[in-house]
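Protein sequence lines, in the order shown, are assigned to chains C and S. For the record, in the first sequence the residue sitting at position 95 is 109 according to the working numbering, with numbers rising by one throughout. For the record, in the second sequence the residue sitting at position 358 is 702 according to the working numbering, with numbers rising by one throughout.
No lab work stands behind these hints, which were simulated from the structure alone. Errors might be hidden in some of the hints.
Claimed, not checked - Chain S is faced by these chain C residues, among others (derived, beta-carbon under 8 angstroms):
id	residue
1	Thr109
2	Met895
3	Leu1017
Claimed, not checked - With a Cα cut of at most 20 angstroms, we get these calculated PhoX-like pairs of lysine-lysine:
id	chain 1	residue 1	chain 2	residue 2
4	S	Lys379	C	Lys751
5	S	Lys552	C	Lys859
6	C	Lys859	S	Lys783
7	C	Lys258	C	Lys788
8	C	Lys143	C	Lys859
9	S	Lys379	S	Lys800
Heads up, the beta-carbon is just placed ideally off N, CA and C, and yes, glycines get one too.
As a plain string of letters, each chain reads:
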Amino acid sequence: MRHYLFFVFAGFTLAADGKLSFNRDIRPILSDKCFACHGPDAKAKGIALRLDSEEAAKRDLGRGRRGIVAGDAAASLVVQRITAPKAGMRMPPPTAGVTLSESEIETLRTWIGQGAEWEKHWSLIPPVKRAGTIDSFVKERLAKEGLTFSPEASKETLIRRATLDLTGLPPTVAEVDAFLADRSAQAYGRLLDRLLASPRYGERMAARWLDAARYADTNGYQYDGERVMWRWRDYVIASFNKNKPFDVFAKEQIAGDMLPGATFEQKLATAFNRNHRGNTEDGIVAEEYAVEYVVDRIETTSAVFMGLTMGCARCHNHKYDPLTQKEFYQMFAYFNNVPERGRAMKYGNSPPVMAAPTEAQQKKLAALNAEIHASDAAVSAKAGIVAAARAKWEKSLTGPQAWAPYGERNAAFSFDDGGAPGRLGGAQMFDGTAVVKGPEGSGAFDIEDRFTISAWVKGNGTIASRKSSDGFKTKGIGFYVIDGKLQFHITSQWESDALRVESEERIPEGAWHHVAVAYGGTRMAEDALLYVDGKPVKAKFVSDTLYRPFVNAGNKFPAPLVIGGGAGKEQRFRGLLDEVRVYGRQLRADEITVMAAGRTLAELAAKPKPERSAPEELQLQLAFLETAAPDAVRQAWVRGQELRVERERFERTFPSVMVMAESPVRKTTNLLIRGAYDKPGDAVEPGMPAVLPPLPAGAPNNRLGFAEWLVDRGNPLTARVTVNRFWQSLFGTGLVKTAEDFGQQGEWPSHPELLDWLSVDFMDNGWNVKGLLKKIMLSETYRQSSKATPALLAKDPDNRLLARGPRIRMAAEMVRDAALFEAGLLQERLGGPSVKPYQPDGLWKEVIMQDMDYVQAKGSDLYRRGLYTFWKRTAAPPMMMNFDASQREACMVRENRTNTPLQALNLMNDVTFLEAARFIGQRMLLEGGTEKDGRLRHGFRIVMGRVPTEKEMGVLRASLSYHLDYFASHGEEREAYLSYGDTEAAKGIDRGQLAGYAAVASLLLNTDEAITKE
Amino acid sequence: MMTRRGFLHTAALSSLLTKDGYAAPLTGLPHFAAKAKRVIFLFQHGGPSQLDLFDWKPNLAKVRGQDLPDSVRQGQRLTGMTAYQATFPTAPTIFQFAQHGKSGAWMSELIPHTAKIADELCIMKSLHTEAINHDPAVTFFQTGFQLAGRPSIGSWMSYGLGSENQDLPSFVVLISQGRGNSQALADRMWGSGFLPTKYQGVKFRSGKDPVLYLSNPEGYTAGARRRFLDDLGQLNQARLEEYQDPEIATRIAQYEMAYRMQSSVPELADLSKEPESTFAMYGPDARKPGSYAANCILARRLAERGVRFIQLFHRGWDQHGTLPKQIRWQCEDTDQATAALITDLKQRGLLDDTIVIWGGEFGRTVYSQGELTETNYGRDHHPRCFTMFAAGGGFRGGYTHGETDDFSYNITKDPMEVHDLNATMMHLLGVDHTRLTFKFQGRHYRLTDVHGKVVKELLS
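Input sequences plus hints: build the corresponding full structure.
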């Protein structure tokens, strides 16, 4: 195919005018057939002749031999060698795996004869706008081929085409009728405006962006556990709907976090470059994958925005494009400064992450804050009354009660009846044998829960634990004093899946000390804070690789909370423990200080006020407010505290998202020899490849500067690559067919001047995407009928010349969305967590590890649009894969379509499409009048958007009558056929009729037309 | 999509109807006369221990329990699972080895059935790989590259060589679950990467739908479906006449192929008509749908029907701990059926042009992961040498290639890259591995990347 196409274009070229163009005609040949050896990497291979630069190709190689002698093909070494009669002498050699065709040889010969004029690679020359219009450029080209535009498509076709292109869904029958009825000249323009204003537009545009950004709901690689990135997906939808200028959209995603005063949304945008896969396997070398993530960012960023295959320069100088290996690592340096780890979290997001509340959550949070503020104000308003009442209360205090912070008190052991003298009242003596069990369900935290354990200790051993069995290395949580040092462990698997921190200093022996650990649920050692006597202490991170929750699909974790032991006999506590408290939240430092005040309320009250420390005074105040203040104040205070608990619980429900961040100190980047993580070469500074423009004046030399450079007016690539991709979304193929490669190996644009015109126009209009799409869709080029003729097919099989409109199969998610929409089943709701619609049983089970299974949604989540379908990279949704969706393991910008029997089976037999057919059948019955013909016509219009021909009606009538007869006499089969899908049919519909019309609807859904944009 | 657009007209539809199921071979392929027409790849997923199956090291008994000498380990990187171990106690196999066949190949007592066909096997003891963890190692094995994104072997072969069966896909994947420690598989291991999606492996599953969405809905008979397709054909034909789009012709053909698959696949998957002798040969497990043994019978049936590439995955070979117990299970589940498949193919005259390959993504360490006891040990991943075997299709039977040192740790003779195995396999299929390429992102990619050589010694 490729050779055939090339031949066609070469043919056009020669027919058009005799003069050959280096960029158009010669470079593609040299690049594809010669550069691999005689290109930028030639020197490394010990090859003298280079053909990638004019100077090198024409220089004297010794004894007057030159690769190319301008104007003299026969004297040129290149021609001599590509036409050498001896096989051993002939280029390219068999080992190159490529051959030159006769016409290619002839083209080279002609060009040299014409003077061998060189040109800089077209895509590196900034685009200029020649006067013209979309149609004038296309027509100009067609005229050279003796072709003209096809007639305009029918209005029915046009509205369906435009609606599919801009919303991803077909038009309704009513929309078609309204459009047909609108005979004004502005009807079509108004249609486009309506579609561009629809929120569905953002969903449609986002779908392809997710492919490019390799977005998924799992981490990939082996465990392929779940991650949470959908807030970024929703950012993309919202950005398209807002018609955010594309340069802003790009800049935010590359470096939103570094913009001055970065907003929540700008930070959220940077998740773009955290969408790459993350390896979580136990045995990996983390450094190896840390490199892969950066490489993925460069490959994705350069393919999506610049159409460059930068990844090729990772191990050696680029073989085709003027990019050196060093330049690759200079670019690498821009993306290498994220405080991240090579080993990703097995479950959930890997740092850096941020909480990403939805808009509704942000509103609710603001309301909660206001309420908290009001409660606090109510308490402070009564300060005078409180002070007086408190003085009275203090005088009444007796007994061993102490006070501890309010909120999420999970368990407390005062040990006042423990028999030994304690720090506060009595204490419990532990002798290394007995332990104290906590109440049922206490301390039942998992690795992502926040919690705090505090105690007064005098001795060594386990303070508190919750373990799968009585052992030190077993799964669970443990808080210890060992050899005088405070230790906190969360163990999922001792060697490779555990968090362990240990205080650097020893706690002085022989006295009471207050100790605490406050853990924030992030699975990171830095988030397990140790305190001794109310002060944070420095800790050593002994292990910082905690990944797997205790409770997962395959495992429960019912272990009890144990005080003084539970973590192995050797580690049982010896000594005294007092006031062991367990909280279901991460206490703040000031709260821990209050506990460490270490006096009973009565003792504190007995102290004269000036002698009390701040924590002591605070403890009295808080204890009073909670337990003894006048009712109105106490209730307001308690309400305020409870709201705080509620707020924290609420905040924990916020989705998180992985984002980009900059390490404060820039990491050194080294060139990696042959791309290997463990073979660092020279250190490199961040910088742009020499062949591209430098950073704009004043731009910082970091990721933000890179982002600014990317969308700078002087960048020759970004606008071209972007408009080309939007063109591709409308026409199926870009003006540059290789949408991911604008380099030397990429294809020459079919309409270079049009591409440049669109690019400059796009930038001139503020990178306005909706404007761009509208402009293209208003063109005559776009509005042509997609009917072909044998002559046109023979001349231009792939419709690159655009003498007809696009006729292409819908993208995977559109095939499903359209069926659901036509059935009236589609649940339209923008954004939200990914959903799990129908999927054949067991697909995950047969390939995955033990602990993740597909739990199918119920109710409305079965019917959301495809871009919300949960995407597991290693076992992607089968319907999507059948219809050529990108696997989402790596960036994919070119649209790919095949035509297979699996697609046929999918449409005929998948419950999704059977249920959709049933509901289209129901609509035919309920909305199509009382006559068969009216109903059939209605069904046909629902699916195709047009009125059927008489011939088609004949087929539908026959099919209906066959199915009605069949189901009339096969009651059991009828009920079985109608049983697909969770949603019940409307009441009162005749079952035989429903089955008959459902079968016809299935027929409609299976036509080529139903899944094709015409 | 790749080849036909533009050459097709309505008149060509009749030939399409019979021909365009899965693609025809690429122009110019095969590059030279092929010995083999198809491949059955029995992938043992997880990394079977070469030390307990094929690579007999009698001298290890003398150094049992001793720390693996540094001179052997040579500072090689270890996985994160044993890197923390203080010692690396040498763990000889506890299984008995003996020589088998005329060739005198050493095999352990774990695989008595395989031992009986020793002379059919071309045993390769000197394979090695760069990857040290499962996911990259299997991805490398199946696609020639450790990271995702490239086509799998079967996709390459079906892209290059096309199909020999009008009613079945050219690349079929069968998965069975082992009893040992299992690791995850991923779609990409049989995916088409940057090749068109139609070349991806089609997973056959046990149960009602051997291929996803194969069965008509309940209550909908094959007769009704035939009628449905006739009506559909008329609607599509009308559109084709109006629009002249060859894709419509292809669509019509694909629906017909789907219809044929609705009978050909269940017929293929239905083992009930296999004689008693088949089950006696493949073992009692063969009656369990989805078992490795049942999949081996299916593999033979697929081979008989001309399917180009038949990829089995049997999970459960990742024996980090309790290796002796687990590997016994794995061998009980696979040994008889593997040997039966090769024997069966031979009896049917199919072995001559069918390549059978057995092996996993890497080997296992000679030192014990975890405690070494009289009856128990574990082994970590070992990429520096491992054993595979091939049979039929022009591979040299009764031959053992390559040697390893006394610890089965380093290769001492004839090292073989995974790319070499692929190059050799392709050679036997009539494909020059340097010439089957696909241009993507500006590069001419091939399965063997820039590596691979045909290992002549392996050829019969």
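| task | Mind listing which of the numbered hints don't hold for this structure, in increasing order? | result | 4, 6 and 8
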